[in-house]
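K.L.:
Here the protein sequences line up with chains B and V, keeping their order. Per the UniProt record's numbering, the very first residue in the first sequence carries number 1; after that it's consecutive. Per the UniProt record's numbering, the very first residue in the second sequence carries number 1; after that it's consecutive.
Source of the hints: derived by calculation from the structure; they are not laboratory data. Check the hints yourself; a few may be wrong.
Any copy, or any two copies together, can satisfy a pair, since identical chains are not distinguished.
To be verified - The calculated DSS-like cross-link candidates involving lysine-lysine, where the alpha carbons are at most 25 Å apart (straight line), are: (1) Lys244 - Lys208; (2) Lys247 - Lys297; (3) Lys24 - Lys208; (4) Lys244 - Lys268; (5) Lys247 - Lys24; (6) Lys208 - Lys268; (7) Lys297 - Lys208; (8) Lys214 - Lys244; (9) Lys299 - Lys165; (10) Lys311 - Lys165; (11) Lys214 - Lys311; (12) Lys165 - Lys214; (13) Lys268 - Lys299; (14) Lys297 - Lys165; (15) Lys214 - Lys268; (16) Lys247 - Lys214.
Protein chains: 2
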Amino acid sequence: MKRRLNIEEYAEGVLAGNRIILSKAITLVESRRPQDRALAVQLLERLLPHTGSSYRIGITGVPGVGKSTFIEAFGLYLIEQGHRPAVLAIDPSSPKTKGSILGDKTRMERLSLCPEAFIRPSASGRSLGGVAHATHEAMLLCEAAGFDVVIIETVGVGQSEVLVKSMVDFFLLLMLAGAGDELQGIKKGIMEMADALVINKADGDNIKAAEQAKHAYENALHLFRAPENGWFPPVLTCSALYNKGIKRIWDTLLQFREQTQQNGFWEKNRQNQRLEWLRFALQEQLLEAFYAHEEVKNKLPDIEAAVLHNKLLPQHAARLLIELFLNQQTEV
Amino acid sequence: MKRRLNIEEYAEGVLAGNRIILSKAITLVESRRPQDRALAVQLLERLLPHTGSSYRIGITGVPGVGKSTFIEAFGLYLIEQGHRPAVLAIDPSSPKTKGSILGDKTRMERLSLCPEAFIRPSASGRSLGGVAHATHEAMLLCEAAGFDVVIIETVGVGQSEVLVKSMVDFFLLLMLAGAGDELQGIKKGIMEMADALVINKADGDNIKAAEQAKHAYENALHLFRAPENGWFPPVLTCSALYNKGIKRIWDTLLQFREQTQQNGFWEKNRQNQRLEWLRFALQEQLLEAFYAHEEVKNKLPDIEAAVLHNKLLPQHAARLLIELFLNQQTEV
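For reference, chain B alone in the conformation it holds in the complex:
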């Protein structure tokens, strides 16, 4: 039976860049057991002063866009430049059973063999919010362990992008050139969040189509208003498979960092993100306590049915349920 590590052993191991202890620490922050959670909070708050110095990068795109190939090429390039990349994931589709992203490390075979890189599949078996919180905390651990670029991968199909956007400095949307409707499956709102669009698989017969797609997206982006940070999202092309265009993408990210550090947006964004995570956690934990409440659970189906069939006003129904929730608290 393995001895459990104590806080100091965890903290020293992580700070020394010990990958085995880092992995164990991530497992700890992913755990839902109350005693693990208490330990995780202590560990994380002990390490907080050593976090925050990485470049946090979100990468999304629909399945088939070549995310793994891209992240492998990008990560190898970063290592060449002297960086230490960590790759995490938020996968809403239960990766433990299906492994749709990062579940299989062999998908980034070369990168996963590099001692400078650290790859970790998505947490699983929890709500999307839970997975996102675990990934957020895993990111802090990777930073404390000395990784200076943290890449968070997700699938471009829903709510997970909003969560990734709220924990990264730069959000990159990978796309494919295609038959004019290449954004199938990508929600429009996701384009709005991107700091750059990258059209992958710009190689061979596909180069011309990629250039055309680039122009189409540039035109589409121009229809929208200037972003708050003063950065106009560029549209780039690359071939992750043939390792083309990767330098240009990293240069773009460096330029973004320089520009937003100068205009103050970089730090402002980080601070906003912290408060956003607080609000998000508050809302989530309040609703969790509410829906776990016995009387609420008992009455909810009837009240929902009454609202559905237009017998009860939504606002009135909400008031009834919340009185149940808060009164019960009083009586206990």
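Fit chain V to the known structure of chain B by using the hints.
P.N.:
Using the frame of chain B, we list chain V on its own:
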């Protein structure tokens, strides 16, 4: 001193289409006083069986796009067709003081003189959520009073669109042709919600630019995936000022209703909207109770500062605050 109406007087007046009583009833649902609120809930639940039969239409667009002129032309056309339109508004910018939309009825001078139409400015002096709830309930009252088309106007600049979208059957985005960047000020997410884009001021020298903008938007929309309801949002042009293209817009709305009533989306959407309003009201009222809690109010600034300066994890901070909130309830 005016005598207060009782429930039956309100209900009978509204059902008889008495505009003065309808106005008073809307004032009642806008009130935040607890005794008014109780009466409002009774009245609304008494009237619920008489609601739901109107065509609920949301209209948005940035200031200057000609919303009032459009709604006037559209409303007058509807009256010609034998309909009775009601026009409501959700204006996040405190219309009582600034009157940015609908504050000044003279902006729809001809429509406001028609006995078949009913125009009501946005509720004010409340949070956006509160204004939206009041407008939602005003819509129900208008339906009970026999108005068979309810138009809800808002400004295309933020969160209010999401709320309007969740209470209407059809969401129309008004735009202008311009210098290629005509969507300045419109968030990309709003385009995603639109069931039709209408380019206004397609008249005189502007006709060619409007046609070009139409093609640009059609191309932009084609980049995105098919909507769940099977309806591909068309891009139309009109001149509200010269009364051109209005019929075509109403025909499009009729076609939408026919198509979605056939494929079941119409009713499914209405049912989803009711549950969405319940969830929204729950979340809002829970957070309201939370932030109004004395101990939470006292501790929040320090805890937020600790999160902001990276001394406390967001999830941990949330847990501390919620324990405060729920324990206090226990002690009372």
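K.L.:
So which hints don't hold here, by number, going up?
P.N.:
Those not satisfied are hints 2, 3, 4, 5, 6, 7, 9, 11, 14, 15.
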